[in-house]
Amino acid sequence: MELKNRLVMAPMMALAAFGKAAITEEEREGYVSSRVMDWFAEIAKGGVSLVLGESSTILPESHAASRAGAFDDKFIPGLRGAAEAMHQNGAYAAFQLLHHGRILTTHRRGLAHSEVIDPVGPSAIPWGRRREVAREASKADIKHLVDGFVEAARRLRDAGFDAVELKGAHGYGIGQFLSPHSNQRTDEYGGTPEKRARFACEIITAIKERLGDDFAVIFLMSSSEYIKDGITLEDSLIQAPLFAKAGADALHVEGGVADMTPYITNPCYLLPDALFADDAAAIKKVVSIPVIVGGKIGDPVLANQILEEGKADFISMARPLLADPQLPNKAREGRLDEIKYCLWCNNCWDMTWRENFKKRGIRSCTVNPALMREREFELKPADSPKKVLVAGGGLAGMEAAKVLDQRGHKVILCEKSRELGGQWNIASQIKGKEHYARFRDQMIRDLDRSGVETSTLHELGRNHRFMERYTLATLRQKLVENGIYIYAYAPVERICEDGVYINHGPELFFLKADTVVLAIGVSPQRKLLEELESTFSNLKIHTIGDCAEPRDAAEAMREGAETGRAI
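Position 142 of the sequence shown, counted from 1, bears residue number 141 in numbering that gives the first Met the number 0, the numbering being contiguous throughout.
Think of the hints as simulated: they come from the structure by calculation, not from any bench.
Where is the CB? At the ideal position from N, CA and C, for every residue including glycine.
Each hint should be verified, as a subset may be incorrect.
To be verified - Restraint-style ranges between C-beta atoms, simulated for each label pair:
#1 331 <-> 513: 49 to 57 angstroms
#2 71 <-> 525: 49 to 57 angstroms
#3 487 <-> 450: 49 to 57 angstroms
#4 227 <-> 137: 23 to 31 angstroms
#5 503 <-> 525: 35 to 43 angstroms
Said to hold, decoys possible - Below, in silico cross-link-like pairs of lysine-lysine (DSSO-like), each with a Cα-Cα straight-line distance of 30 angstroms or less:
#6 138 <-> 207
#7 477 <-> 539
#8 379 <-> 432
#9 244 <-> 283
#10 379 <-> 329
#11 207 <-> 329
#12 138 <-> 3
#13 409 <-> 526
#14 3 <-> 227
#15 227 <-> 477
Can you build the whole structure from these sequences, using the hints too?
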């Protein structure tokens, strides 16, 4: 493959029409849906050179909800549709293969049917906090797994893909063999970095022998797992040349392990940018094949800097391309101020576990409400253009005003404060979230380019909050590191001048404090709504954002986008 640029789309579970969120029984079983094909097409249109696609499972006993299937020829038509969506829009096509190993439980959940399975791993060690222990893989099991990877790769090739990526990172099946934390074998598959790499090398070699040099093999590795007794960079510097010698055509460098350092596998805004770039640079020095690096690289300027410094040959992006699939084209054309930059808020991941995800069955992106709804959100001219007043210049109001204008309505946007942005202006002032202001500024520029009439300083006559789980894990770690104690289930009984009395144990407990911060939720402000409803009985009013119910920015953006398309 000769790629047109050095930007690739990293694998990311679409989480659409799979698992609990599936629409049909067939989709629950791992078939690629048309919605996912539309998403891949949108990514490819944006100018990326290679789409690494979806994580897909190699064997029926390793399949799990939310994954695509590659363990049976019945999946080939759907896989072919995904490959064609990428090719027809200018990108090379690849899919990722994985085995879950000890991550799976004996009772598999989330599929159209339930069944009891027999999960295997390199050693009989539990995953995370689970009590279940996977069985240690026998030599026959290992051969079965290698054969499973080869056959799954063959299906990808038959479906028209140009390459396969093997997931050897983040503590999944192959990565479990690579890590001394999860691999405590004493045979030829464990004991040293070289022996722990044997399983991965056997898979790479077997695929190349079966499918030839025209079908590329990319190997995704964690340069370090950042845990005690886990993979270190020193291990990776030994193993990387072995992967290349086995036949890998490129190495893809990330880091972390899903069960113990999830905040590193999906780094949020609290972690530094390009946190694996230096590791990739070290690995690049010991191999002669291309090195791809990912991990919180969302700014084209930063990506170019990494390439110019010789730290990697290619840059992978996942979440930044969810936020703006057109990022590559905009960067190439010098339209950096038009890019919708990823916020690293990890809302796209947390949507997996939220109730509204289960209802709609799609990922969500704070800055891109059209994610996974590209066909549904296609802008169409208004049947009957109207004059629309948008009261409130927060995220929901700005998004609604922009979409209404694009569809041909005459739009007036009124904001009672001095500046647009609403609650987002407060969020942007929090340490670590300063980059949030860039999103607000980009939305304001969109309005300035539009026909929306904007008026500030113009006033017309929360039950619960979510914190994304990877961000929460990062914050918990920082609290521990800074010696900050958390009193859980401790109602505040009294606040006084020098502290707070809490109900913690048999007696009231006093916490001395210079400042007391109240974080007790907010309620919607509906005064204007009530006045309008009582005065204009025939007026059509849509409530969006915090006026409907105080929630997060993603919901505000979604409601603004939907309302802008509904009027």
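- Which of the listed hints are not met by the structure? Structure breaks hints 7, 8, 11, 12, 14.
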